[in-house]
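Protein chains in written order, with my numbering: chain A, 1 to 141; chain B, 1001 to 1141; chain C, 2001 to 2141; chain D, 3001 to 3141.
A few of these clues could be false.
[As the list claims (entries may be wrong)] Sample of chain D residues facing chain A (criterion: CB under 8 Å; computed from the structure):
| hint | residue |
| --- | --- |
| 1 | S3085 |
| 2 | D3087 |
| 3 | L3089 |
| 4 | L3105 |
| 5 | K3106 |
| 6 | R3109 |
| 7 | I3113 |
| 8 | D3115 |
| 9 | P3126 |
| 10 | R3129 |
| 11 | S3131 |
| 12 | T3133 |
[To be verified] Calculated cross-link-like contacts (lysine-lysine; reagent style DSSO-like; alpha-carbon spacing at most 27 Å):
| hint | chain 1 | residue 1 | chain 2 | residue 2 |
| --- | --- | --- | --- | --- |
| 13 | D | K3106 | C | K2106 |
| 14 | B | K1075 | B | K1106 |
| 15 | A | K106 | D | K3091 |
| 16 | B | K1106 | A | K91 |
| 17 | B | K1106 | C | K2106 |
| 18 | C | K2075 | D | K3091 |
| 19 | D | K3075 | C | K2091 |
| 20 | A | K106 | D | K3106 |
| 21 | A | K106 | A | K75 |
| 22 | B | K1075 | A | K91 |
| 23 | D | K3106 | D | K3075 |
| 24 | C | K2075 | C | K2106 |
| 25 | C | K2091 | D | K3106 |
| 26 | B | K1091 | A | K106 |
| 27 | B | K1091 | C | K2106 |
| 28 | D | K3106 | A | K91 |
[Stated by the list, open to error] A few chain B residues that face chain C, going by a derived Cβ cut-off under 8 Å, partial list only:
| hint | residue |
| --- | --- |
| 29 | S1085 |
| 30 | K1106 |
| 31 | D1115 |
| 32 | R1129 |
Think of the hints as simulated: they come from the structure by calculation, not from any bench. Glycine is no exception: its CB is placed at the ideal position from the N, C-alpha and C atoms.
4 protein chains.
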Amino acid sequence: MGLQMDAAALNAFLAEDFAQVAPDFTILEASEDRLVAGLRVREAHLRPGGTVSGPSMFALADLAIYCAILSRIGKVPLAVTTNASIDFLRKPAAGQDMRAECRVLKLGRNLAIADTLIFSDGVEEPVARASMTYAIPPKSL
Amino acid sequence: MGLQMDAAALNAFLAEDFAQVAPDFTILEASEDRLVAGLRVREAHLRPGGTVSGPSMFALADLAIYCAILSRIGKVPLAVTTNASIDFLRKPAAGQDMRAECRVLKLGRNLAIADTLIFSDGVEEPVARASMTYAIPPKSL
Amino acid sequence: MGLQMDAAALNAFLAEDFAQVAPDFTILEASEDRLVAGLRVREAHLRPGGTVSGPSMFALADLAIYCAILSRIGKVPLAVTTNASIDFLRKPAAGQDMRAECRVLKLGRNLAIADTLIFSDGVEEPVARASMTYAIPPKSL
Amino acid sequence: MGLQMDAAALNAFLAEDFAQVAPDFTILEASEDRLVAGLRVREAHLRPGGTVSGPSMFALADLAIYCAILSRIGKVPLAVTTNASIDFLRKPAAGQDMRAECRVLKLGRNLAIADTLIFSDGVEEPVARASMTYAIPPKSL
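Chain A extracted, bound-state conformation (with noise of 0.2 Å):
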């Protein structure tokens, strides 16, 4: 199975049926290896401090996992996370974008798994990790 979307399909999709969201975040990246998602940090993204929430980080691998699962298997608005699991590994730098790199581990005909990475502009390593499971619904609804 190639890639179904591209980035620029992808940003299409977000801005028409994610609107609310949408100016928040951008694919920067699709591939069959990977996808790139950033995040804009705006002041509703921050804690005490300048920090990116943890809800924020969460945010982000949610949507940049959804939008992986989507470039490979084509537009199924309905595909919903069934379990995610995220490691918090260091503080952002205050008020840096950030980026999300995930890769897909698993397409099945209902299920599909992928994890991430994601980076806050000027760390050098990752602040958190995520993987998630989607249950992709049959096709014909």
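Based on these hints, arrange chains B, C and D on the given structure of chain A.
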């Protein structure tokens, strides 16, 4: 170790130290056995179709577990989540408020672990389950 | 959906289909509300110092949750674990038997999710917590 | 922090401190970038049908990550797993040996976090993915 902060003390702490998110959350109950936190669901928490987004449920679980731990060890604002695992079980009711019921499973010197079930008003069974690990810095900081 | 297999039926199933590990495990209780499974701790389950090994606790959680799901959906030997998250909370008592108390959180058409607390005889508080997702194949296989 | 224990030192440590399981495992490679551990699959690791059991894969992931952390911080036998998350991606080949490829994501003063992909000889794609948190006791113990 008994209860160090009750619901009123926790709500005051949120209002002061987490002013940005405090209007969304209320600690409804805090005892040695469990803590219950409520999320006032607003437009910003919703996904297309009216369902509450995964990151919003993650934010509720994270805040509720954080407060459950503080209720037992006192005000330690530097406690940080190091790991979270969340299962999404079923769709929340469209636009309804949510609540998280937590129990603390371990209060160690360096680590605290708790889990929670998340409920959506009008849905009998839990809509999500989460467990989290918090790293607790030395008190003398 | 009521109870499809009781403790006796589950123990008979383990003896037949899981002969290799069945001598270590017993289903002690199975109701719609919870399932309790026991592990007879032997030399092979121990780590230096007499504590029960992590993989042995994982094996107990996995078997208990598998049986909790089968107790509700009937004998589906092809159900497979797709995700497991486990927190180790405190040391089990040296050489003591253990038990897992499970509750089923979701029984879907394709997925079942359950969690468990693991106890060590002689230790009041739980020594581990685990949650697992099982993929359930179409019944007609 | 460079490499504190190489593959030979780790294998010697396993033989001495983990005599019970050491015959099943070999550290094949240990560098600052990654550690590779092998599992010699025996009858005791199998499930009906010849597939390797989930607990056996968990044991491989746990031992490999433990050794990856020791390779970087030196011999700290009291490091303990506090959290593990594992995704089972596809069936291992029947009766074939397995290997775990690990990378250390964080080496903190109190916590270390690493993840791993598990491969089955003869299957190109990974059969499992796991991440674990270890609590590291003060060195002076």
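Now the hints, each set against the structure:
1. S3085: At about 4 Å, which falls below the 8 Å cut-off, the nearest Cβ of chain A leaves the hint on S3085 (chain D) intact, so it holds.
2. D3087: Nearest chain A Cβ about 5 Å off; hint holds.
3. L3089: Interface hint status for L3089 (chain D): holds (4 Å vs cutoff 8 Å).
4. L3105: For L3105 (chain D), the interface hint holds, since the closest Cβ of chain A sits about 6 Å away, which is under 8 Å.
5. K3106: Status holds, d = 4 Å.
6. R3109: For R3109 (chain D), the interface hint is violated, since the closest Cβ of chain A sits about 12 Å away, which is over 8 Å.
7. I3113: Result: holds, 5 Å to nearest chain A Cβ.
8. D3115: 6 Å, holds
9. P3126: 6 Å, holds
10. R3129: This hint holds: R3129 (chain D) lies near chain A, its Cβ roughly 6 Å from the closest one there, short of 8 Å.
11. S3131: Given a least distance of 6 Å, the restraint on S3131 (chain D) holds.
12. T3133: 7 Å, holds
13. D:K3106 x C:K2106: 34 Å, violated
14. B:K1075 x B:K1106: 17 Å, holds
15. A:K106 x D:K3091: The given pair, whose Cα atoms are some 12 Å apart, holds under the 27 Å limit.
16. B:K1106 x A:K91: 24 Å, holds
17. B:K1106 x C:K2106: 25 Å, holds
18. C:K2075 x D:K3091: 21 Å, holds
19. D:K3075 x C:K2091: 21 Å, holds
20. A:K106 x D:K3106: Holds - the C-alpha atoms of K3106 (chain D) and K106 (chain A) are around 25 Å apart, at most 27 Å.
21. A:K106 x A:K75: Holds, at roughly 17 Å.
22. B:K1075 x A:K91: 21 Å, holds
23. D:K3106 x D:K3075: Status holds; Cα separation ~17 Å.
24. C:K2075 x C:K2106: 17 Å, holds
25. C:K2091 x D:K3106: This hinted pair holds, its Cα atoms lying about 24 Å apart.
26. B:K1091 x A:K106: 24 Å, holds
27. B:K1091 x C:K2106: 12 Å, holds
28. D:K3106 x A:K91: 12 Å, holds
29. S1085: This interface hint holds because 4 Å falls under the 8 Å limit.
30. K1106: 4 Å, holds
31. D1115: 6 Å, holds
32. R1129: 6 Å, holds
Hints 6 and 13, counting from the list given before, are not met by this structure.
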